[in-house]
Structures are given as C-alpha cells and as structure tokens.
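J.: Given chain W, work out where chain L should sit, using these hints.
The primary structure of each chain is shown beneath.
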Amino acid sequence: MKHSVLHTALAAIAIFGAGNMTASAAWEPVRPVEFIVPAGTGGGADQMARTIQGIVTKHSLMKQPMVVINKSGGAGGEGFLDVKGSGNNPHKIIITLSNLFTTPLATGIPFSWKDMTPVAMLALDEFVLWVNAEKPYTTVKDYVDAVKQAPAGGMKMGGTGSKQEDQIITVALEKATGTKFTYIPYKGGGEVAVQLVGNHVDSTVNNPIEAVAQWRGGKLRPLCVFDGKQMAYDEVVADGKGWKDIPTCKSQGLDIEYLMLRGIFMSPKATKDQVEYYVELFKKVRATPEWQDFMKSGAFNTTFLTGPEYAKWVETEEKRHETLMKEAGFLATPGN
Amino acid sequence: MEELVNLFHGFAVALQPFNIMVMVLGIVLGVIIGVLPGLGGANGVAILLPLTFSMPPTSAIIMLSCIYWGALFGGAITSILFNIPGEPWSVATTFDGYPMAQKGKAGEALTAAFTSSFVGALFAVIMITLVAPLVASFALRFGPAEKFAVYFLAFCSFVGLSKEPPFKTIAAMMIGFALAAVGLDSITGQLRLTFGSTELLNGFDFLIAVIGLFGIGEILLTMEEGLAFRGGKAKIDLRVVLQTWKEMPQYWVTSLRSCLIGCWMGITPAGATPASFMSYGIAKRVSKNGHNFGKGEVEGVVAPETAAHAAGTAALLPMLSLGVPGSPTAAVLLGGLLIWGLQPGPMLFVEQKEFVWGLIASMYLGNLVGLIVVLTCVPIFAAILRVPFSIIAPLILVLCAIGAYSVHSSTFDVVLMLVFGVVGYLLKKCNYPLAPLVLAIVLGDKAEEAFRQSLLGSQGSLGVFFSNSLVGTIMVLGLIALFWSAIQEGYSRLRPHSVA
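First to last, the sequence lines map onto chains W and L. Going by this note's numbering, the first sequence runs without a break in its numbering and finishes at 336. Going by this note's numbering, the second sequence runs without a break in its numbering and finishes at 500.
Please note that a few of the clues may not be correct.
What the hints assert, rightly or not - Under the rule of at most 25 Å between Cα atoms (straight-line distance), these lysine to any residue pairs were calculated in the SDA-like manner:
hint, chain 1, residue 1, chain 2, residue 2
1, L, Lys-353, W, Lys-180
2, W, Lys-250, W, Glu-235
3, W, Lys-244, L, Glu-351
4, W, Lys-58, L, Pro-56
5, W, Lys-148, L, Leu-455
6, W, Lys-326, L, Val-24
7, W, Lys-180, L, Val-24
8, W, Lys-175, L, Gln-459
9, W, Lys-187, L, Lys-288
10, W, Lys-296, L, Gln-352
11, L, Lys-288, L, Arg-493
12, W, Lys-296, L, Glu-354
13, L, Lys-168, L, Trp-484
14, W, Lys-187, L, Thr-198
15, W, Lys-180, L, Glu-351
16, W, Lys-58, L, Val-24
17, W, Lys-63, L, Lys-288
Please keep in mind that the hints were generated in silico from the structure rather than gathered at the bench. Note that this is a predicted model, so its numbers are computed, not measured.
Extracted from the complex, chain W is given alone in its bound form (with noise of 0.2 Å):
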C-alpha cells in the first residue's frame, strides 16, 4: 500500500511540477542521448528502455532525441565498460538488470557500481516459480515433494544466463529443500517459458512477463513469488486468477526472496545537475499512462528510489550478491 500512495504522490509531482522544474533545471542535454542496454534486443531491460525512449519521444519529454544502443557483450560487461569510460559524457545512461553485480563478480570484468553514477531505480522486476499446466503440482508443497523424490539432478531448471540471477534462485531453492536441479541456461527469457511449455525443462522462475503470455493461453501455472508480499496487481488473468493470488514462496514454506534491479545510472563525473536532470526526466516518464500499462503488463514493483536511499539500495544488494554468488562457487576464479 506504501508504494502506491508513494507512487500516486510521485506521480501529482512530476504532473504538477512539469512546467517549473524544466525551466529552473540548470541543465539540459545539448546532444542526443545515448540510452545503452547491456542485454540483448527482445529481453526485458531492452523492452524497458524502448518503452521509455517511445514515452520520451511520444510526449515529448526531451528537446533531443534519445537513442536505445544496446552492448551485451560479455553479459552486458561491454555495455557497462563503455559508461565506465565515458568520464563525464553527461549524454550517455545506462539501464541495468542484476548482471550490474553478477557479470563483474562471475567474469572478473574490471567494473563494479562504483563504477558509474546512480540515477533513480525504476522499478523492480518479479520472479515467479512456474510449472507446466500439464503437471499434476498445482502448489509449492507438490511441486517441492516432486523435487524431492527425483533423483538428485533429475529436475531440470531452465533460466536465462549462466551465473545470473535465474541460477542464483535456483541454488537458493537447492538450499531451501535440500535437492539438487540441473540448471540449464539459454539466451532469453522467452526462450525459457516456451522450453516449459514444450516440456523440456521440468520448471522456470521466468519474470512475468516473460511468461504471462503462456500463462493465460493455459500453457503454464505459477506457484509461488520470489517477494515479501504479493504483487499489487488484482485483474483477472488466466482461471480467474490475477498476479495478487499467486502465494508468495515465503508462505509456502520456501523462504527465498528475490527482486531484480531495473534502475538508471549515468557516467561517472556526472554533475548534481545533470544527475537531477535525469531523475526528473524519469519522475515525468514514470507518470505517463504508458508507464503505468506497461508496469501492469509486467506484474512490476513500482519502487522509486533516487539519491542516497537509491544508492544505499544498491551497496546492500551488491553485498549480498556477492555472499548468494560465494555460497554458490560463482566467483570468477583468480586469473581469468
């Protein structure tokens, strides 16, 4: 409920504040901006940042034109080096999902965080545990005892990336009950929901909208949310279900919590004003009826966060990559 009123303040703000703020901003852009995704095209952070770009150019938020480039290689590590060397290009953003921590710590790619300068979280991404509708498990308890009767590695768990975060819940649900999957990676998250429908891996922990689209043809069935709370969205789905009846996992007995980062950093000797530039940029996006589609479509967590409590936010989670990816043997090993 927080977020909500949080969010519906936010949103009178950036309405109300429009005018004002881009007159007495004491910068603006002189150049088009660059918008890097260090992902693919197609993949969650790119919808994202398209999203945003057609907002901005549709509404006209920008004097200048804002330009999606996207730099995956090397799990988005080319993406991040390039605003890392981008000194103080007040024209170049960065959107980023949780390979911001797990790329440097599982590749030991020169780079981290520190790296760049925070701008404002956006929101934050679900994930969800999925099955096939076809199997009998139509809960965590079921699904759990399934696991647990398999021979060790005899579940297969598909997940986008290797050493990312689908593996990373995937070794906290090893830990939770006390099994063993074989974790096998591919390249999207679409991929990966359709390689459940079609049977060749026994369960998912796909975004939501990776997978809704199966979910309501009946193809697939969510158990649980990797979150503390059930997500806020109660409009009907799939089976007169909506994405605020799905338990969390926590309730369920498995306790793993897990929210994916989709925030905005920019180069590193950004100014305060340029930093504010863009945070009120995002604040005027973030209150587009768009937005809002787009976060409903995605079963997203609005959280807004900028300043300080945005980069408390990260330092914290940045820590416990680093403790999930250690306990898991992630880490690059030395030399490489």
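T.: Same frame as chain W, but now just chain L:
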C-alpha cells in the same frame, strides 16, 4: 474457411490508404537498410521503432514488417554487385550471385534473387494463413537436442560437398569454430579466449568477419588484378527481368525444396541464415547443374534466396503465436508488440483478430509491393557496376567501414574488419574456401550451446540425440548428407555398369 474470411477482412485493413503509404515507405527504408552492410534488419527496425509509437498498432506493425521485407530484399543487392553480404542470410547468395555479376549478368542475378525472395515469402505466408495453429505447436517440440540436430544437418549438408581438398575445408571450418568460441561462454558464464582484452568481450561478430573477408578481401584481389572491374558489360534494360523470368520456371524443384527448408528453419526457429546455407548446400548436391555452382549459376542464387525469405517470413509465426522470436529482427518486433499493449502468445490469434490478420494480409501485399519496387530498380543497381573501379572502390571501403562501425558503434570493429580483409585475401590466395569458415562463425556458438544444453539435460548421455523420432530423423539425415559422396561412390562401385 474461417481463416479465409478473416484474411479478407485483413486485406480490407491493409488496403486502407494510410496503411498502403506506410507499406511503401517501409519497403523503401528496408531496402536502404538492407543495402548498408552491418546496419541490418534488427538494428534498422530498432532505430525506427519509436517512429511508429504514434500510429495505430496495425499500421505500425505493417510498417515495421515492411522494413523487414525490404531489408530481406536489399541484402541481396550488395552481395551480388560487390560480394559484400548486407545481411548474414545473404552470404550464400554471394557464392553464385557475384560470379554472375562478374560475367556481366548482374541484372539476371538480381532479378532471380528478388523473384525467388518473393516466391519464398509467398509460400511461407500461405502456410501461415492455412496451418498457423498446427505449425506453431510443432515448434514446441524443439528442445536443445532438436536444435542441435538442425545445426548439425546445416553443417553436414554444406560440408560433404565441398570441391576443395577436404583438409583445407576442415582447416577453414576449424578456424571458424575457434573464432566463434571467443567471448562469453554462455553455459558457464565465464570469458573465453579474450586474454584480458575488453574489446573481445563480445567475441568476433559474424558481420564484421563477413564484411572483411568478403568485401575488403575482394577489393584487395581486384587491386592486384589491375583495378579492372569485370561487371562493366552489365545490361541495363528492364527486358532482362522478363528474360530471366522465362528461365525461372525450370528451377521449380529447387524452388519448392528451398521453400520447404526455409519454412521449416523459420519455424523451428533456427532462422534465415542456416536456411540459406542448407538450401544452397542441398541444391548443389542434388541439382544436375551442381558442378557449376560457385561459377555463376542462376540456380545457386535461387536456392539460398528462396529459403532465406521463406524462413524470414515463417519466423514471424512462432513470434506471434508463442512469443518466441525466430530471428533478431523478430525479437525487436516482439518488443514493439509489447509496447503497443499486444501480448504475443497463444491468445493473440483469438483476442486480436484484426491485428493478426491485418499483419498477415500486409505480408502478401508488402511482398508484392516490395517485388515491384526492387524489380524496377534492377537496371539502376546494375548500372552501378559501370562506374569505374577507382571511383567505386573507395565508396565500397567507406560503406564497409560504416557498416562495421554500426554493428556495435565501436572503432575497434573497423580495425578488426580490415584485419579480416587481409586474412580473407590470404586465404583466397592459398585456395582455402571461405564459406565453411563463415558458416562455422555464424552457427558455431549456437550449435555448441545447444549441444551442451542437451548434454546437461541428459546428464552427459549422447543418446539424447536419438531419444525420439524427431531428433533421431534429423541426425540421420545429417549423417547421410555428410557421407553422401562416399555413399554415392560405394553405390556406383556396386553397380558399375548402370551408371551413365
């Protein structure tokens, strides 16, 4: 029957004046994007996506898909004229298209390429119209093992037939595999063979390699041969279109086979690039003109172009019905659908009838418009070859450099392209075939990924590649293709008198 009613309704939507306008605009933009090497359909659609946000969704997708058709058509132009594939799926078109242009038959090659593209797309659209739901569920049967089998078949159907000494073919292919292995290992999430260099994080992009190996390599060769440009005699007359059309029907078997290969590869979804290679390889093997392939045979243009376009079109089906893009461009279109509030997946055909059938109708019309646009331009394209080499070569070089730069907006790639150019020149001088190298770069990492995913799932047992009738059949077909020459030889030895 219901499909036909829906389709006619779709035509009514697509034929609105505004939609026809965006269709023509999309085709023209697409051809330009296809001609510029490196820019590519996916990047082109991504750049132009925001333009469409203010349009109604149906017009927007018509425009974007027409850009896609335009890029498919346009990719063939530079392949044939300058040996520079504008798109990955046009590589196989260079094998016979460029020799044809050198013989002064650029007009014929272009006409054959465009017409075949149209035939392939038309076949795929008809298939989408009639059997969409059935075909979509077939795609679900493709897990990692099945995908590997398809790549295996693509390699085998291309390799077994090489005329070059087998060891040179294998050497070229191994270099390709080694280059494909550079970058992030997607199964373990760790970097391979980058030697601490951050430029190599991305590995060697296929497009950079191809622009260098083919485009720059070709310019170096031409320079050595005294700056002569051998395409000068090209006829620049629209009659060449009609003459080529008269010849085309005799290749109907190749055409039909390529359509089937293309549709199948588009749906699975392996994509247009393996489809074009596989179709070229099989045509070379089974056609009675096969021994002339590589020297400028029309059939060698027909086969890859038909398959690439059929695959490119069929790739939209899994995107619409499953939400899985069959090609990078389809992936960007998918993002567009979500932004317009359309949820691709099993329910799209039920809930968004007007949109889906408007799109399908625009596939028919868009391709027809595209064919007319590009065919009328054939003489203009062919006339480019009359420009003296000393003028055109620097232009090609600049075009290549822009293309290489635009892939990742990185100047390192331009240097890399020049290095590949020199490598391509040296390999050609030593008679190493370039095609197996390119095939290994483009499919090597995908095949490796599917192979390792399969083995992870089967816990290390190779039996997974023969575990069901689908994957088993594809693997056996691959093995037959690989050992085809040996089988043929054995057969002719057994029956020495019956062989003509």
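J.: Against each hint, give a clear statement of whether it holds in the structure.
T.: Structure-based check of each hint:
1. L:Lys-353 - W:Lys-180: This hinted pair is violated, its Cα atoms lying about 44 Å apart.
2. W:Lys-250 - W:Glu-235: holds (23 Å)
3. W:Lys-244 - L:Glu-351: holds (23 Å)
4. W:Lys-58 - L:Pro-56: Within the cut-off at roughly 13 Å; holds.
5. W:Lys-148 - L:Leu-455: Since the Cα atoms of Lys-148 (chain W) and Leu-455 (chain L) sit roughly 22 Å apart, the hinted pair holds (cutoff 25 Å).
6. W:Lys-326 - L:Val-24: Violated, because 56 Å separates the two Cα atoms, which is more than 25 Å.
7. W:Lys-180 - L:Val-24: violated (56 Å)
8. W:Lys-175 - L:Gln-459: Answer holds: Lys-175 (chain W) to Gln-459 (chain L) is near 21 Å, not above 25 Å.
9. W:Lys-187 - L:Lys-288: Violated, at about 41 Å.
10. W:Lys-296 - L:Gln-352: holds (19 Å)
11. L:Lys-288 - L:Arg-493: holds (20 Å)
12. W:Lys-296 - L:Glu-354: Holds. Lys-296 (chain W) to Glu-354 (chain L) sits at ~24 Å (cutoff 25 Å).
13. L:Lys-168 - L:Trp-484: OK: Lys-168 (chain L) and Trp-484 (chain L) at ~19 Å, within 25 Å.
14. W:Lys-187 - L:Thr-198: holds (21 Å)
15. W:Lys-180 - L:Glu-351: Violated: Lys-180 (chain W) and Glu-351 (chain L) sit about 40 Å apart, past 25 Å.
16. W:Lys-58 - L:Val-24: Holds: Lys-58 (chain W) and Val-24 (chain L) sit about 23 Å apart, inside 25 Å.
17. W:Lys-63 - L:Lys-288: Measuring from Cα to Cα gives roughly 62 Å; hence the hint is violated.
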